[in-house]
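Please assemble the complex out of the two chains, which come individually in their own frames, going by the hints.
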Amino acid sequence: RKEVEQDPGPFNVPEGATVAFNCTYSNSASQSFFWYRQDCRKEPKLLMSVYSSGNEDGRFTAQLNRASQYISLLIRDSKLSDSATYLCAVTPGGGADGLTFGKGTHLIIQP
Amino acid sequence: GAVVSQHPSRVICKSGTSVKIECRSLDFQATTMFWYRQFPKKSLMLMATSNEGSKATYEQGVEKDKFLINHASLTLSTLTVTSAHPEDSSFYICSARSPGAGETQYFGPGTRLLVL
Chain U
661 RKEVEQDPGP FNVPEGATVA FNCTYSNSAS QSFFWYRQDC RKEPKLLMSV
711 YSSGNEDGRF TAQLNRASQY ISLLIRDSKL SDSATYLCAV TPGGGADGLT
761 FGKGTHLIIQ P
Chain F
3 GAVVSQHPSR VICKSGTSVK IECRSLDFQA TTMFWYRQFP KKSLMLMATS
53 NEGSKATYEQ GVEKDKFLIN HASLTLSTLT VTSAHPEDSS FYICSARSPG
103 AGETQYFGPG TRLLVL
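Protein sequences, first through last, are from chains U and F.
Start counting the first sequence at 661; every next residue gets the next number (the numbering used here).
Start counting the second sequence at 3; every next residue gets the next number (the numbering used here).
So that you can see chain F by itself, here it is in the shape it has in the complex (with noise of 0.2 Å):
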C-alpha cells in the first residue's frame, strides 16, 4: 500500500520558536497533500489542502500565516509552525492521495508537537 512518512515524530519546543515538519509519500507521487490536526479526545480537524506547485487552502479559522505550507515536490510538503505557542501543542497528520487509488487518503504517523 502507500506509505507516507512524517519527520519529526515528535518535538519539543519553546514558546516563540518554529518548528517544520516534513511529509513524504514514498513509494507514490502525491499532487494533493492534506494536514490535519488532532487535539486530545477530540476529531482529526482538516487545517488545508497543500497543491504541489500552488500555494495551500487553508480551511477557515487556520491562520495561513501561521502556519506555512509548502509543497515544492510531488513527494513533499512541510508544514511550518511560526511562533509556536502552548495552545499550538498537539498532534499533526499528513496525508496523501495515491494515484489510482480514487479519494482515498493514506496518512502519515503524526507529529506530535509540545510547546513550552
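With the rest of the complex left out, here is chain U (with noise of 0.2 Å):
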C-alpha cells in the first residue's frame, strides 16, 4: 500500500463550480499534514496546512479525518486560475521530517 494515495484525475469542472478531492495515508503516526499546489513544471507552492479542527482560507477548506486516515481539500465556486495540481503531503513529525507526497490531483477548471 503507497504511503500517500491520491485520484489522480484529472477532475474537469466547470468555473463556478464546486470541488473536491480527498487525499489517504497509511502512517497512522502522521503528526501533519499539508496541500500544495503544483502548476506545470514549476515547484509546489504551499496552499495551506490542514488542523484537525479543519481550516478554511477564503473558497478553500481543508479537512483531516484521523479516524479514517484522510485530509480533504474543498474549492468553492472555482476560478480558471485554479487549474493545476494539488498534491497531499504528510510528514511522521518530530521536528525533522520531509515531506511523503502523494502523486496529485490534476484540476482543470473549463470556462
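It is worth saying that the hints were derived from the structure and are not from the lab.
In this text, all values refer to a predicted model and were calculated from it rather than measured experimentally.
Certain hints may be false.
Below 20 Å or equal to it, Euclidean Cα-Cα: the simulated SDA-like pairs (lysine to any residue) are [stated by the list, open to error]: (1) U:K702 / F:D67; (2) F:K57 / F:E24; (3) U:K702 / F:Q31; (4) U:K702 / F:F93.
The calculated label-pair distances, taken between Cβ atoms and stated as ranges, are [as the list claims (entries may be wrong)]: (5) U:L734 / F:C15: 22 to 32 Å; (6) U:S712 / F:Q62: 27 to 37 Å; (7) F:K44 / U:N725: 38 to 48 Å; (8) F:K66 / U:D699: 29 to 39 Å.
Where a beta carbon is used, it is the ideal one built from N, C-alpha and C, also for glycine.
So this is what it looks like as C-alpha cells:
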C-alpha cells in the first residue's frame, strides 16, 4: 500500500463549481498534513496546512479525519486559475522529517 | 513569506560529469533543508535531509556517494550529482523549514537536470 494516495484525475470542472478531493495516508502516526499546489514544471507552493479542527482560507477548506486517515480539500466557486495539480503531503513529525507526497490530483477548470 | 532560491534553474550536462545545485534560504536561517526529486508524472520523492553542520540523512535507495550534500551554513545547502547519467535527469527541488512556521516547508523553484 502506498503511503499517500490520491486520485490522479483529471477532474474536469466547470468554472464556478465546487470540487473536492481526498487523500489517504497509511501511517497512523503522521502528525502534520498539508495541501500544496503545483503548476506545470514548477515547484510546489503551499496552499494550506490541515488541522484537526479543519480550516478555511477563502474559497478553500481543508479537513482532516484521523480515524479514517484521510484529508480533504474543497474548492468553492472555482476559477480558471485554480487549474493545477494538487498535492497532499504528510510528515511523521518530530521536527526534522521530510514530506511524503501523493502523486497529486490534476484539476482542470473549464470556462 | 519565506523565500528559497535555487541555482541553476536548469542544466544540461554530458554523462559522467558532476553537477552542483545550490539551495539558499534568502530571508531566514534554516537549520534543516530537504532535497527532493521528481520524475515526469511522478510524485516528489524525498532524497535526503540536510542538517547544518552535520552529515545528511539519506532516504533508502538514495546513494550518498552519488548525491553529495553539504550544508555548510544556515542559509545554504548544496547537492552535487556526481558522475551523472541519463537516468539522473530529473527535477531536483530543495525546501527549507522556516523557524516559527512549524512543520511548513517552503520550496525552491527547482533545478531541471538533463544528462545527455
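Quick rundown of the hints versus the structure:
The suggested pairing of K702 (chain U) with D67 (chain F) is violated, with an alpha-carbon distance near 28 Å, which exceeds 20 Å. Distance restraint check for K57 (chain F) and E24 (chain F): the Cα-Cα separation of roughly 17 Å lies within the 20 Å cut-off, and the hinted pair is therefore satisfied. A hinted pair counts as satisfied when its Cα atoms are at most 20 Å apart, and K702 (chain U) with Q31 (chain F) does not qualify at roughly 24 Å. Note on K702 (chain U) and F93 (chain F): the hinted pairing holds, with a Cα-Cα distance of about 9 Å set against a maximum of 20 Å.
Taken as a hint, the range 22 to 32 Å is violated for the pair L734 (chain U) and C15 (chain F), whose Cβ atoms sit roughly 44 Å apart. The given range of 27 to 37 Å is respected by S712 (chain U) and Q62 (chain F), whose C-beta atoms sit roughly 30 Å from each other. Separated by about 26 Å at the C-beta atoms, K44 (chain F) and N725 (chain U) break the suggested range of 38 to 48 Å. Between K66 (chain F) and D699 (chain U) the beta carbon distance is about 32 Å. The supplied range of 29 to 39 Å therefore holds.
The structure fails to meet hints 1, 3, 5 and 7 from the earlier list, while all remaining hints are met.
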